[in-house]
Structure formats: structure tokens, C-alpha cells
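Top to bottom, those sequences are chains A and B.
Position one of the first sequence corresponds to residue 220 (this note's numbering), numbered consecutively onward.
Position one of the second sequence corresponds to residue 8 (this note's numbering), numbered consecutively onward.
None of these hints come from the bench; they were simulated from the model.
Each hint should be verified, as a subset may be incorrect.
[To be verified] Listing some non-contacts, in silico: residues in chain B with all C-beta distances to chain A over 10 Å: (1) Lys21; (2) Gly68; (3) Asn77; (4) Thr87; (5) Glu113; (6) Ser124; (7) Val125.
[As the list claims (entries may be wrong)] Cβ pair distances, simulated, as ranges: (8) Asn249(A) - Lys48(B): 40 to 48 Å; (9) Phe35(B) - Asn257(A): 21 to 29 Å; (10) Asp285(A) - Thr87(B): 40 to 48 Å; (11) Val263(A) - Thr64(B): 23 to 31 Å; (12) Arg299(A) - Leu81(B): 34 to 42 Å; (13) Asp285(A) - Ser96(B): 37 to 45 Å; (14) Gln233(A) - Asp72(B): 48 to 56 Å; (15) Ser231(A) - Thr64(B): 38 to 46 Å; (16) Ser277(A) - Lys21(B): 41 to 49 Å.
Small disclaimer: the values here were computed from a predicted structure and weren't measured.
Yeah, the Cβ is synthetic: ideal placement off N, Cα and C, and Gly gets one too.
This is what each chain is made of:
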Amino acid sequence: SQQGEEDPQALSIQEGENATMNCSYKTSINNLQWYRQNSGRGLVHLILIRSNEREKHSGRLRVTLDTSKKSSSLLITASRAADTASYFCATAFGWGKFQFGAGTQVVVTP
Amino acid sequence: GAVVSQHPSRVICKSGTSVKIECRSLDFQATTMFWYRQFPKKSLMLMATSNEGSKATYEQGVEKDKFLINHASLTLSTLTVTSAHPEDSSFYICSARVGTGDFKREKLFFGSGTQLSVL
């Protein structure tokens, strides 16, 4: 199965700053997705980027994908305290079956 | 977006008892649901794929007799942790895929999770 590994494991920033986290994977993919999890809650889908796309935006989120390096990055611009959460990348290895990375825990302080 | 409801959100039980967790798709039909387990500050581990009207498919290393999955209808899947022990304590999350017919656009909708604590 594929492995999505995020780095850093934890990130602490102040409101207004940008947060960048990276994800690496091992095998070829059809798409890569990013999810967010608030403490003790389920995951919420943030953004999907297809293998033939290099960059995608959604509000304050920007995702890049480099299939040659098997890596993706998630950038959150102008972060807010409400962005405090864990962020996971996920790659599919079957219909609906996803492999999640270890996650990046982001803390945004006011 | 699609809504997945999971209950209970938290359960505390004695060792040896069984616990049932429900996962419902509220505004769509989910022919396939997935059950994940998550340890504190760790990633999600896929336990099994729950298919409506058929047996669940378990991932390697997951005890099917310990974690019973039933998907009796298009909107409900249940996970029963049988004879629970303290090592079964964990955060369990269900999810459902909304089929688009396009593998490249599949994404998951998650329940809010169940924190199981076995004493």
C-alpha cells in the first residue's frame, strides 16, 4: 500500500502567518487529497488535486503536486486561530480506500 | 455536501462487554462505508470495508471476530467491538464514499468519530 508522510509533524505559528506542510508518497497516484481534523472529530475534505494538475487553489488554501518527486504541499495563507487542527494527505489505493499520512498538527496562536 | 452521522461520540465500557457503533449516511445512499481506527496523534488505519448486503472486507491484521461489521441497509453500517479489552480503546471513525463513477474524483465523507474507552 502507499504511504503518505507529512512533514513537519507539528507546526506552531501566529495568526496572519502562512503555514506550509508537505506530503510524500511512494507509488503512482490518480489524485491526492488533503483532509483536516479538529481534535476528537472526524475528518473534513479540503481539496483534491489530480495527478495531471500541478497547483490548485481553494480560498486560503493552495495545494501543489509534483509527481516527479512524489510530493505535495499544502499552504494555508493568512492563518487564523480557527485553522488549528491536524492536516492529513491521503492517496487512494482502491475504490474509496485511502492511505492517510501521519498528519501535521498545526497550532495557530492569536 | 454529504453528511455522515456516527453514534455514540463517546463510550466507556467495562472489559469483556461489547460495544456497537453506528454510522449513517443521512442524505445519500452509501453502498460502501469504511471503518478506521486512530490512535492519539497518529494517522488513520483502515480496518475494513463495509459493503451493503455482503460481508465486510478486513484489512490484514484486523480480527474479524473481534470487530464485527454489518451493513444491512444503504444508509447504515455498524461496527461492534466484541469482548472489548483496554487495548481496544481508541478513536474509531467511519466514512462513506460518494460514488461519482470517476475513480479520479472519489472522496470520502467522515463521521465525527467515537472515542472508546475500555476500563
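Each hint tested on the structure:
1. Lys21: holds, 22 Å
2. Gly68: Label holds. Min Cβ-Cβ 12 Å, cutoff 10 Å.
3. Asn77: holds, 18 Å
4. Thr87: holds, 20 Å
5. Glu113: The claim is violated: Glu113(B) sits with its nearest Cβ about 6 Å from chain A, within 10 Å.
6. Ser124: It holds; Ser124(B) is separated from chain A by about 12 Å at its closest Cβ, greater than 10 Å.
7. Val125: Answer for Val125(B): holds, closest chain A Cβ roughly 17 Å.
8. Asn249(A) - Lys48(B): 40 to 48 Å: Violated, at about 29 Å.
9. Phe35(B) - Asn257(A): 21 to 29 Å: holds, 23 Å
10. Asp285(A) - Thr87(B): 40 to 48 Å: holds, 43 Å
11. Val263(A) - Thr64(B): 23 to 31 Å: holds, 25 Å
12. Arg299(A) - Leu81(B): 34 to 42 Å: Hint holds: Cβ distance 38 Å, inside 34 to 42 Å.
13. Asp285(A) - Ser96(B): 37 to 45 Å: Taking Cβ atoms as reference, Asp285(A) and Ser96(B) lie about 39 Å apart, which means the hint holds.
14. Gln233(A) - Asp72(B): 48 to 56 Å: Holds, at about 50 Å.
15. Ser231(A) - Thr64(B): 38 to 46 Å: The hinted range 38 to 46 Å holds for Ser231(A) and Thr64(B), with Cβ atoms some 40 Å apart.
16. Ser277(A) - Lys21(B): 41 to 49 Å: holds, 45 Å
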